[in-house]
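Undergrad: Chain by chain, the residues run as shown.
There are 2 protein chains.
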Amino acid sequence: MPLCTVTFIIEGSETRSVQVSRDMPLLEAARKAGVAIDAPCGGNGTCGKCRVRLLKGSLADDGPSRHIKPDDYAAGFRLACQSRVTGEAEALVPASALAYQTRIKIADLAVTRDREVYAAFRRELAGMGMGGDLGLEVLSFTLPPPDLGDAAADRERLLHKAAEYLAVDENALDLDLYALRKLPLLLRKSRFSLNCVIKSEGARKTILNVYDSAVSAGAENRAVPPPRMAGLAIDIGTTTVSMALIDLELGDIVAIGSAGNGQIRYGADVINRIIESGRPGGLERLHTAVTRECIEPLIERLCESAGINRDQIYRVAVAANTTMTHFFMGVPGEYIRLEPYIPAFFQSGALFARDLGLGVNPAAEVLVAPGIGSYVGGDITAGVFSSMIFKQTGPALLIDLGTNGELVFGSADFLMACACSAGPAFEGGDIGCGMRATDGAIEAVVIDGETMTPALTVVGADKPRGICGSGLIDLIAELFRAGIINAKGKFVREDAAERPRVVRDEYGLARYIAVFPEASGTGDEIALTEADIDNFIRAKGAIFSAVRTMLAAVDYPVDAIEAVFVAGGIGSGINMQSAIRIGMFPDLPLEKFHYIGNSSLMGAYAMVHSRQGAETVRDTARGITYLELSSHPGYMDEFVAACFLPHTDAALFAAGA
Amino acid sequence: MPLCTVTFIIEGSETRSVQVSRDMPLLEAARKAGVAIDAPCGGNGTCGKCRVRLLKGSLADDGPSRHIKPDDYAAGFRLACQSRVTGEAEALVPASALAYQTRIKIADLAVTRDREVYAAFRRELAGMGMGGDLGLEVLSFTLPPPDLGDAAADRERLLHKAAEYLAVDENALDLDLYALRKLPLLLRKSRFSLNCVIKSEGARKTILNVYDSAVSAGAENRAVPPPRMAGLAIDIGTTTVSMALIDLELGDIVAIGSAGNGQIRYGADVINRIIESGRPGGLERLHTAVTRECIEPLIERLCESAGINRDQIYRVAVAANTTMTHFFMGVPGEYIRLEPYIPAFFQSGALFARDLGLGVNPAAEVLVAPGIGSYVGGDITAGVFSSMIFKQTGPALLIDLGTNGELVFGSADFLMACACSAGPAFEGGDIGCGMRATDGAIEAVVIDGETMTPALTVVGADKPRGICGSGLIDLIAELFRAGIINAKGKFVREDAAERPRVVRDEYGLARYIAVFPEASGTGDEIALTEADIDNFIRAKGAIFSAVRTMLAAVDYPVDAIEAVFVAGGIGSGINMQSAIRIGMFPDLPLEKFHYIGNSSLMGAYAMVHSRQGAETVRDTARGITYLELSSHPGYMDEFVAACFLPHTDAALFAAGA
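Protein chains in written order, with our numbering: chain G, 8 to 664; chain P, 8 to 664.
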């Protein structure tokens with residue numbers, strides 16, 4: 008078969024060429040070339056994100072479509088997933104079509120509240136006796152230098168001294184391979200004075216790292232910084248990976264950041280990624296996309312930001328949904344999506360960084376938050392811990408709005424969890440102008456009922472570039488409140504009255520323009536179509552019907568809920584009133600709602616910060632009952648009933664209406 | 008600096024080009040190109056092994072030399088180490104100039120005695136209660152298949168069943184990451200029937216591997232072979248790496264083989280390699296040369312030969328000299344060669360295959376035989392074990408003739424060890440026609456005193472290609488006995504009487520021709536020069552003077568020695584009479600001598616075969632006193648006195664003379 012050369016010119020970046028066989032989809036050719044074109048729909052032609060521009064050559068496709076208007080088509084725009092290679096071709100990949108795994112964002116701790124939020128959580132943990140129990144310590148030793156009469160090897164020289172100091176048997180001490188490899192040169196450089204990081208496990212102690220402890224008093228007079236010990240909390244979301252670097256001694260967050268999950272180019276949802284993982288080499292691609300391409304650069308940047316070396320990270324905790332956990336560990340997850348939906352594991356055994364090739368200290372322990380179901384993973388069990396729902400005296404609800412929606416209901420007495428296919432709408436997926444809650448995202452909206460003009464709050468106070476989850480909830484609630492859309496999510500006002508905010512395209516599809524091109528950060532309008540609203544209503548309906556089904560399963564009325572914890576990276580906050588108004592959350596007094604942000608990352612933090620914390624997450628997970636909604640009688644009826652604004656049974660939202 | 012392109016045409020193999028800076032030695036350019044030119048002298052121009060032929064371009068050098076005669080020089084022959092790049096050049100690398108790390112040799116167990124030798128050793132171990140104590144077992148489980156009502160994950164499903172069967176707590180069980188990665192697909196393929204390899208350590212049990220246990224009874228009717236458990240013993244010699252694959256259940260050797268140590272291109276002795284290891288990237292090069300380029304292909308071939316998969320190897324033991332042990336583990340060894348000669352370690356801690364990237368089961372324990380001195384390494388402590396010298400009631404001597412010579416003297420009451428710089432003569436290094444004891448090596452010689460004609464025994468009954476250690480001992484003993492050379496190793500007969508066996512070249516250097524070109528397997532004569540004899544006499548003198556010095560240190564007479572164990576891969580045997588005659592071994596009754604072959608590999612075997620054996624090697628090592636000869640008073644005098652045939656004090660060899 009003849010090969011065709013396809014060249015990708017990446018906007019603002021390099022140009023890459025690849026030789027592929029004729030008829031290969033352009034999206035696949037891009038992946039082969041290592042060009043991460045975004046394809047949240049998994050290459051089905053439905054999301055329109057993989058729009059590129061053909062500069063030279065030709066492609067086989069079906070002509071103009073919903074996503075490529077005739078004018079744009081004539082100008083060379085194509086959907087990469089719907090175009091096939093026919094010969095030599097050159098395509099421009101605009102920044103908008105790139106999966107955002109390279110966009111690492113390190114938060115400035117001086118201006119975010121993260122440090123205080125975590126400090127408060129740490130105090131709460133301390134109150135529970137958690138923290139300071141890591142069994143890691145730094146000790147300084149000055150060894151007698153060797154001579155011909157004292158020719159003990161470096162390792163034995165160090166262990167002998169350490170055993171003497173610690174008053175333990177030398178056989179109970181070990182030196183990790185990584186530290187052993189550093190030792191000979193370090194000893195000569197430091198003139199046999201060194202700091203050691205020592206880990207205790209029962210009676211066994213292992214030296215994990217060695218540092219020069221000498222403070223050179225000579226002309227240079229450079230003080231050798233004391234070796235800090237760091238930990239790393241990782242939340243692997245389907246869309247976003249968030250990480251916090253932690254000073255293990257103080258428990259303080261020293262850097263925090265996030266990046267898009269590089270796997271997104273294989274699909275926005277876990278199902279498309281599981282399918283990809285089953286293809287030859289697919290599991291390795293997905294593993295690499297999240298580890299080497301995403302976690303590794305984030306480690307690099309976080310360490311750089313905090314002035315910490317990778318080898319100073321001695322403890323890592325990972326919280327992620329079941330599929331992400333599998334791919335992180337390089338374990339096949341294909342049976343997660345096939346009935347009866349069985350993951351390879353819920354709990355993971357003893358794991359170390361070197362087992363996974365993670366770029367931290369090779370002897371660092373890697374703790375993985377346990378999952379309890381195919382669609383209720385370690386991110387949720389971590390969230391159960393950090394929300395402290397497992398300590399509540401009265402029943403509480405935890406709602407995690409990730410790429411899927413997961414719910415936990417219970418208290419110190421019982422806990423049950425379920426997942427619903429809310430889809431990625433809350434993270435900006437499946438929505439034409441949707442985006443994550445990063446700079447330029449509209450996160451809050453108030454609409455003037457008369458003029459239909461929106462007042463927008465934008466993350467980073469930039470020009471708006473799209474709408475994130477919290478903004479969508481507001482926008483739809485406001486469109487509904489102002490009577491611009493009806494309970495079915497359709498635009499209801501007639502032609503003239505709608506303009507200029509509501510317009511219809513040549514296919515008759517209506518959309519609400521929140522931002523006109525001239526005011527937009529992208530130069531394109533930011534609008535919400537009926538299709539977007541449809542997607543969103545299904546998402547919120549999935550959440551609400553899951554709440555109803557779960558409460559019904561244990562025969563609790565809605566009023567019994569004493570607190571609702573809402574988690575997820577859908578914005579810096581969420582307007583609970585709006586969420587109730589559209590029938591997403593149950594109609595409870597607003598003071599019962601608490602937005603707790605990324606509870607998964609916070610749970611991972613607890614696992615890094617405290618051995619006891621990690622144990623508690625594991626034990627708590629074992630006590631959670633998993634409710635499989637898809638096979639639960641009544642769930643589909645609940646879902647259908649919830650796919651209205653606010654609900655087919657308006658009485659449920661009497662107070663909020 | 009302008010770069011020059013140098014091309015190497017490797018005889019019988021591919022052509023490789025490299026761009027290097029002007030003035031780089033051609034040998035270095037070859038290394039950069041990945042062409043493994045042999046340089047046992049470390050590139051000092053003394054061994055003559057790196058002879059290549061310049062085909063195009065020119066090189067800077069000093070003209071004809073001892074190794075390159077004027078005719079050969081005119082024909083383009085050059086020493087790669089003594090030639091510098093001056094511009095574009097193309098050189099032919101003959102097979103004779105290639106380091107032999109690619110020459111893997113797998114012994115045919117049907118025709119070697121290895122299997123019986125090891126079986127006898129195993130019986131001896133069994134008598135000491137060693138063996139059968141590995142804590143590894145294979146168990147079969149059939150799991151209940153999951154359904155929507157029983158959605159436990161694969162790992163927990165397996166651990167639950169195993170815990171039930173073994174009547175242990177589920178928390179005391181773990182599944183190794185490697186096995187976890189295999190599990191999901193295997194369970195579906197095997198219809199939930201599987202064999203597990205389980206390792207016990209105290210109360211903890213870990214499943215290291217999983218296999219399909221189903222014997223398909225259908226149309227294909229292929230029987231699934233039961234999962235064998237294998238171990239691997241590795242002896243890393245400076246010159247040769249030997250390995251034995253072991254059936255862990257039976258203790259039987261299932262494959263045995265060897266290959267040249269790929270590090271040889273960085274020097275024949277450890278000193279040159281340590282120097283290379285200190286250069287940028289050098290340690291990694293040396294580590295890779297022995298692991299990826301030598302051990303890995305040997306594992307591949309041994310497994311292939313025995314029909315065992317790499318992942319079935321659960322236990323590895325390595326015995327090697329101190330420097331080789333450092334490079335195998337990727338630990339800097341630079342201080343071994345600098346006074347006061349301190350290695351990074353003698354004992355190594357807990358190590359697993361995945362720590363070292365060794366291509367066997369990632370969870371396989373890697374045991375490293377402990378060293379006791381910079382030049383008395385784990386190969387010797389392993390040999391102390393396998394020779395059973397540590398159980399002797401009367402004093403015995405262990406002499407290991409490797410690339411260096413190491414000696415151990417003692418009994419169950421005490422043990423002392425020393426190393427002497429015997430050099431690589433016993434393995435064919437430093438000798439013009441020297442070679443390892445492989446096919447074509449002359450391993451035994453008897454000379455007719457009258458005609459000077461030798462009767463030769465050749466390994467593999469091939470045409471002779473060179474002389475190995477045992478052949479050299481015989482040849483020199485015979486030359487001396489026949490009065491062809493004198494006590495100083497010089498040819499003594501006058502011109503006419505010498506021919507045709509003894510000839511002198513244009514520089515006046517005499518040589519004894521053992522094989523004329525027409526009878527040789529290489530087409531070149533096989534001859535021994537006075538320089539070769541010099542090198543050999545220094546080697547044997549080093550051994551004998553070490554024996555004398557060590558005995559003197561503990562005030563034992565030679566007669567007190569009850570047994571002499573001679574180890575090393577210098578031939579299938581060694582003529583002890585010849586060795587005594589040249590003053591290499593003390594003059595004791597022949598029945599006291601025992602040739603025990605590769606005692607290092609056999610010690611590694613014991614460590615693989617028995618936990619108790621590995622413990623004993625470690626404990627025994629701790630009890631050995633190291634005698635540093637180089638700083639020992641009297642050693643130099645002993646050495647000088649021993650550099651004669653047989654010795655300056657002929658009375659020492661009154662019986663054997």
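Just so you know, these hints were derived from the structure itself, not from any lab. Mixed in with the good hints, there may be bad ones.
For chains that are exact copies, the list does not tell them apart, and a pair is met inside one copy or across any two.
[What the hints assert, rightly or not] Below are the SDA-like pairs computed for lysine to any residue, each with C-alpha atoms no more than 20 Å apart in a straight line:
| hint | residue 1 | residue 2 |
| --- | --- | --- |
| 1 | K168 | S200 |
| 2 | K495 | A126 |
| 3 | K196 | L345 |
| 4 | K196 | G285 |
| 5 | K398 | I568 |
| 6 | K76 | A658 |
From a predicted model like this one, the values you see are computed outputs, not experimental measurements.
Undergrad: Look at each hint and say if it fits the structure.
TA: Hints, one by one, checked against the model:
In this assembly of identical chains, K168 and S200 lie within 20 Å of each other by CA distance solely inside one copy; the values are 12 Å within and 52 Å between copies. Taking the closest pair of Cα atoms, K495 and A126 never come within 20 Å of each other, the shortest separation being 44 Å inside a single copy and 83 Å across copies. In this assembly of identical chains, the alpha carbons of K196 and L345 lie at most 20 Å apart only when taken from different copies (15 Å versus 58 Å within one copy). In this assembly of identical chains, K196 and G285 lie within 20 Å of each other by CA distance solely across copies; the values are 15 Å between and 50 Å within a copy.
Taking the closest pair of Cα atoms, K398 and I568 come within 20 Å of each other only inside a single copy of the chain (14 Å); across copies the shortest separation is 77 Å, beyond that limit. Taking identical chains as interchangeable, the C-alpha atoms of K76 and A658 are never at most 20 Å apart, the minima being 44 Å within one chain and 107 Å between chains.
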